[in-house]
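Chains as they are written, first to last, in our numbering: chain A, 127 to 598; chain B, 77 to 483.
Treat the hints with caution; some may be incorrect.
[Claimed, not checked] Keeping only pairs whose Cα atoms sit at most 25 angstroms apart, straight-line, the calculated BS3-like set for lysine-lysine is: (1) A:164 to B:292; (2) B:250 to B:183; (3) B:80 to A:480; (4) A:164 to B:385; (5) A:198 to B:444; (6) B:151 to A:438; (7) B:80 to A:438; (8) A:488 to B:183; (9) B:87 to A:514; (10) A:164 to B:84; (11) B:84 to A:438; (12) B:261 to B:276; (13) B:87 to B:385; (14) A:438 to B:138; (15) A:562 to B:183; (16) B:267 to A:164; (17) B:444 to B:87; (18) B:371 to B:385; (19) B:138 to B:80; (20) A:198 to B:267; (21) B:151 to A:480; (22) B:144 to A:438; (23) B:250 to B:87.
[As the list claims (entries may be wrong)] Residues of chain A placed beyond 12 angstroms of chain B at every Cβ, according to the derived structure: (24) 146; (25) 166; (26) 183; (27) 185; (28) 196; (29) 227; (30) 252; (31) 416; (32) 432; (33) 479; (34) 544.
Hints were generated in silico from the structure; no laboratory data involved. Quick reminder that beta carbons are idealized off the backbone N, C-alpha and C, glycines included.
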Amino acid sequence: MVDKMDFVPANIAFDAGTLLLENLPLEKLPVSLLRRIKYDERVSCHRCMAYLYAPLILALRDGNAAYHDGAKNFVPLKLKLNTAFSPHPHQLQALERWKEAGCRAVTALPTGSGKTFLAAQAINYLQRPALVIVPTIDLLQQWAGVLEKLFGRQIGMLGGGSREILDITVSTYDSAVLNMEFIGDRFAFIVFDECHHLPGTVNRTAASMSLAPYRLGLTATPELEEESGQIVSELIGPLCCQIHIDELEGKILAPYETRQLRVELDADEAAEYAENRRVYLDFVKRHAISFRDKDGWMQFLGLCSRMPDGRKVFTAFLEQKRIARSGRAKIRRVWQLISAHRGERIIIFTADNKTAYLLGRKFMVPVLTHHTKVAERKELLEFFRSGKYPVLISSKVLNEGVDVPEASVGIIVSGSGSIREHVQRLGRILRAGDNKQAILYELISAGTSEEHISNRRREHRAYKKFNRFGRR
Amino acid sequence: MLTKDLVKFRKQGKYIRPQFIAVNDSVLLRIAEDLLTVYDSREGNGVLTRGEIEELVEPVLKSHRDLKLTGGLNKLLLDRCLFSQAEDFDYPAQRREIFLRAAELLKNGAENYDGYYRELADGSEFANHDIFADLPENEILTGFRTLFPRGLLERYNCAQVQGLLLNASEIEVKVSSPDPAELRKLFKYLKFFRLLAEIKQIKNPVEKDDVAMSMKISGPASILENSRKYGLQIAIFFPAVCALKKWQLKADVKSGGKIYRLNLDESSGLVSHYRNFSAYIPEEIVMFHNLFRQKVENWRISGETPFIKGLRQEIIFPDLNFRNRHGKTIHLELFHRWHRGILLNRLEFCEANPDLPLLLGVDRALLKGDLSEILENSAYFRKKGFLFRDFPGVARVSKLLDENSSF
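Chain A on its own, in the form it takes in the complex (with noise of 0.2 angstroms):
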């Protein structure tokens, strides 16, 4: 006997970043499916959350049921490469991984080892409307220059103040979550670039929210916590391919060094950071904080706001820090580390934004910090990659991503423990280059808090082959 519901064919629309599933034979869709579609009263239909879209139509040609795709909205296109480079052994690694996970998957490869090149030649091989999700303002322009140089065509932007959407269009993550309830049906392919950053609750958004059946994540850094790893696996997919830096290094990347370089803290702001620290210290034992707590930062906070003598421990908390990012003495060897590396590209990053305008203007150097506006950041960075500009301060824009082939030093003046953050700014230097050797310093306040917070974030495979203060 011929099931009814074949005669009415399911219907499937995109709606503000969901599906909407009319007609739909739930008996002919697998449980892991039917878990994630739910009935939606106010809609009298079924929902389900626009990723879904790939193995939804696939599970319906499977189960022979006849339905009618009212969800995308977006056709082949005729895409050529114009390039006379050919992908280096590890990207066609990837890529081949990566077209074996039904092209669903993450690749793990180290800064400057050619992700790109790799994104373009994924989106040449579907052929099909593709949108590349970055994090930051400086990497909206960096890859919509080399994907308009691949494909010879015009690329849209959305953010930094841009918002053309062509076929292949590069995006931020927070205009994407802005905007993907609008333009999540139009692109068959999803770029997540570095894509460690999708697990956080309102950047996943710009995943689940689009119907794109293709998708890729790239990252440097691909190690999560459990939860986080989950959420990328089943928004991307899974882990398809890792290449180590020191896989890589002397070959496709510049053979490179770290070192640690402790600098002693000048008398009077030694005696004035142990004095701040000793307050600061005080305070959160009296108040038996712990910042190991998931609210810890919060409880001092707040114990700060509400106690007679909150203020004081406030200004002293900020104080102690302040000495150990910034003392005088840190600030006197970055200058010794910019005159003996004279001839070279030097990046300096540090933690905050106030650290990098002081160096800024100690040095007059130019500062590149999110307050840049748009046209001069553009400036910034072509005059550092041309070598106008020896030198570029940054504290965060430049962790991540920023092509800047021709630096081979980095100063690190001061940073968080993050392991990623330290990966990722050691991947700004190693872009091999004629005769390239990098070199990264960092620079620890010797006696405070600093040596805790560098042994934390060195704890990687790319530092290990490093002795605790540098050498090989």
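Chain A is already provided as a structure; the job is to place chain B on it using the hints.
Using the frame of chain A, we list chain B on its own:
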């Protein structure tokens, strides 16, 4: 909107309660007035920078022991400011000049810092300027949407609730003795903020013979993910709720990893600032009303409209409603260039309900792709629809009303 650190609330058991302030408290009114004096004194004080404003308001903020409260009032005022670039000085160009000079010195081996700095500062424009003076703290206040001190305190109370609703995935609103005009306005906001409602008619718990309406309001994806993605939309929508005469609101709010219940009703005394949402009437509509009154005798434009339940529980609020001398009412809904999706839904609904007293007007700007063909093939549209450019003509509408006066 208040940031998380400025929202004041108390947790009692499973409930969360915003800490409202008395909007007629003389001390608070004085603080509001002092703050407004700073923001509203552009003409008296010349140009104020963001940094100067911070300095000026600091004593006012510290004049009250509750820094969260004064910080919250200040944040609401900052949201009403428009800042522009610092003084008329091309900082990026001047920076480029000095960075290029610095680059030359560094390339040529500047080892002595003092000599390097002296050489750069000599004769430079930056001898008298901070090299990064165009950072946000130096931005100039160019505009401020002022309000009365009491209005600021009322906004503050509303913002307390909004701050909590940012962490809600849905709200349940009960409206007692609903007035159609009030509801129409509420649903306009719902549509405007892209929210959905599950609507039920219920008995009014207080006045037994009266009806009340219960609405669960959330975003499209709320039933799938316990996401707070729509928290912002819900928070912005809230003033439309407290603009109602009789209302109750229930929401589950996440705070510190736990869920708390927020209960509010009209007795909270909250004042909505969305009062004037429908006060603005586009010029084209005014012209249409005037012309229609002058030229059409058989029909008049009626002020009130019952809503029509549409497809998938959508509520249709026609744009114009006409009544003839026999009491016959016909509605008109207009679709402009951004209404393709809604128009397709409406056609589907109308085809299934051919006797609806609803005319459809479609802006020609919408006729892209396959839409011309869809309209040509629609029996309903052929009988009760028409095309227009920008805004419909009176003669066209009048003719269609006469043709359809018998349905």
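How the hints compare with the structure:
no., hint, verdict
1, A:164 to B:292, "holds (16 angstroms)"
2, B:250 to B:183, "violated (72 angstroms)"
3, B:80 to A:480, "holds (24 angstroms)"
4, A:164 to B:385, "holds (23 angstroms)"
5, A:198 to B:444, "holds (18 angstroms)"
6, B:151 to A:438, "holds (24 angstroms)"
7, B:80 to A:438, "holds (23 angstroms)"
8, A:488 to B:183, "holds (17 angstroms)"
9, B:87 to A:514, "violated (58 angstroms)"
10, A:164 to B:84, "violated (36 angstroms)"
11, B:84 to A:438, "holds (23 angstroms)"
12, B:261 to B:276, "holds (18 angstroms)"
13, B:87 to B:385, "violated (40 angstroms)"
14, A:438 to B:138, "holds (15 angstroms)"
15, A:562 to B:183, "holds (18 angstroms)"
16, B:267 to A:164, "holds (22 angstroms)"
17, B:444 to B:87, "violated (54 angstroms)"
18, B:371 to B:385, "violated (32 angstroms)"
19, B:138 to B:80, "holds (20 angstroms)"
20, A:198 to B:267, "holds (24 angstroms)"
21, B:151 to A:480, "holds (23 angstroms)"
22, B:144 to A:438, "holds (18 angstroms)"
23, B:250 to B:87, "holds (24 angstroms)"
24, 146, "violated (8 angstroms)"
25, 166, "violated (5 angstroms)"
26, 183, "holds (18 angstroms)"
27, 185, "holds (17 angstroms)"
28, 196, "violated (9 angstroms)"
29, 227, "holds (25 angstroms)"
30, 252, "holds (24 angstroms)"
31, 416, "holds (16 angstroms)"
32, 432, "violated (10 angstroms)"
33, 479, "violated (9 angstroms)"
34, 544, "holds (22 angstroms)"
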